[in-house]
Amino acid sequence: NAGVTQTPKFRILKIGQSMTLQCAQDMNHNYMYWYRQDPGMGLKLIYYSVGAGITDKGEVPNGYNVSRSTTEDFPLRLELAAPSQTSVYFCASSRTSGGELTGELFFGEGSRLTVL
Amino acid sequence: KNQVEQSPQSLIILEGKNCTLQCNYTVSPFSNLRWYKQDTGRGPVSLTIMTFSENTKSNGRYTATLDADTKQSSLHITASQLSDSASYICVVSEAGTASKLTFGTGTRLQVTL
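Quick note, the sequences are listed as chains A and B, same order. The numbering used here puts the first residue of the first sequence at 1, with every later residue one more than the last. The numbering used here puts the first residue of the second sequence at 117, with every later residue one more than the last.
If we strip away everything but chain B, and leave its shape as in the complex, we get (with noise of 0.2 Å):
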């Protein structure tokens, strides 16, 4: 069964630290993988992609990171604000059909003063 785990399940850092994030998975065949941001009460939003060929992609302060070989994604942040606040969401897509997406249980993350 195509499974996303994430770590941790939640993390407290003060603003202007960084973190990683980790996701490792299951899922073949492999298509590509998406990092999500969900603010609280809100749907989630793409921050990055990364196919099979890829190993890192930025965004602004966030920093993606593939091993497609050992089935590992890690997300980086720098320089953490309190707008970082929020949940993320690892989400791996199966190649061959629409539908085949699995999602990450998530990491809340909460950035204080």
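Isolated chain A, as found in the complex (with noise of 0.2 Å):
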């Protein structure tokens, strides 16, 4: 079982240039989430998933978009990256119950991303 997979796990790009980070599970979780951690930090939610074809923001959005076709796959767009964007991007995944989070939170190893 190989969880939840990301890639790249590292990345250094220029202002205004895009790219996708992908995030793939295989645990048959309906709900997927990316988040951000900046040093010092407490995780920031960017965007969620409660199962294919639905999505919604989190706390901070602006400047990625999400996309969520199967199950498996939560790809997150950047587009025109932006220097406030290093950081390290963390991809999750749950199961929930009774349409709680009562499931805990699987993490893939982290993108870190530089934007110069």
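I should point out that these hints are in silico values taken from the structure, not numbers from a laboratory. A virtual CB, placed ideally from N, CA and C, is assigned to each residue, including glycine. Be careful, since some hints might not be right.
Here are the simulated distance ranges between beta carbons [unchecked claim]:
no.	chain 1	residue 1	chain 2	residue 2	range
1	B	161	A	62	22 to 32 Å
2	B	130	A	30	41 to 51 Å
3	A	56	B	130	41 to 51 Å
4	A	52	B	133	40 to 50 Å
Both chains are sitting in their own frames, so use the hints and assemble them into the complex.
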């Protein structure tokens, strides 16, 4: 079982470039999330999805887009990269019960993005 | 606004010693509280979950407590090992929605010889 797989692990972008961070999970979890982690800060939710075809904004969605065409995949798109998007990005998945997040979050290994 | 505050921000202890990490929260309505361990360069991994009715729960050398009245939780690590060096993150879930998780900023623990 691979769990949650993120690619790439590291990437350097120039200001204004675009890229997609890939995330895939093989646990058949219905909920998936993208977080960013800045130094000394707690994880901030960018976007989440409660199932294929359904996505919603989190706390810090500006500058990002997502799609969820399948249960397994949840890519995060950065358009017109800015230095403020330099961060470590974590994808996570979870199975809920009764509509509440009682299951644990399973995180990927992270993608470290630097925008210069 | 929901908040989760952790203390101390960082901690250095000798191998074999015990330590306690604190988590205070204002999340309401409360669903559950999880402690995660995050090794350097890795994603967080869940250690334990505390629900409203639980006061204490152990996972090996890790013991978590919850006081839902004062909205405080602690994570006690017994007989620390070098492999315990990591960040420990407290995450509180708000009842009723899968997106409402509030993360603490973590306590950075370093265990030395």
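Hint check:
Taking the beta carbon of each, residue 161(B) and residue 62(A) are about 29 Å apart, inside 22 to 32 Å as hinted. Checked against the hint of 41 to 51 Å, the C-beta distance between residue 130(B) and residue 30(A) comes to roughly 44 Å, which is consistent with it. Roughly 46 Å separates the CB atoms of residue 56(A) and residue 130(B), a value that falls within the hinted 41 to 51 Å. Between residue 52(A) and residue 133(B) the beta carbons are some 48 Å apart, a value that agrees with the proposed interval 40 to 50 Å.
Checked against the numbered hints given earlier, this structure breaks none of them.
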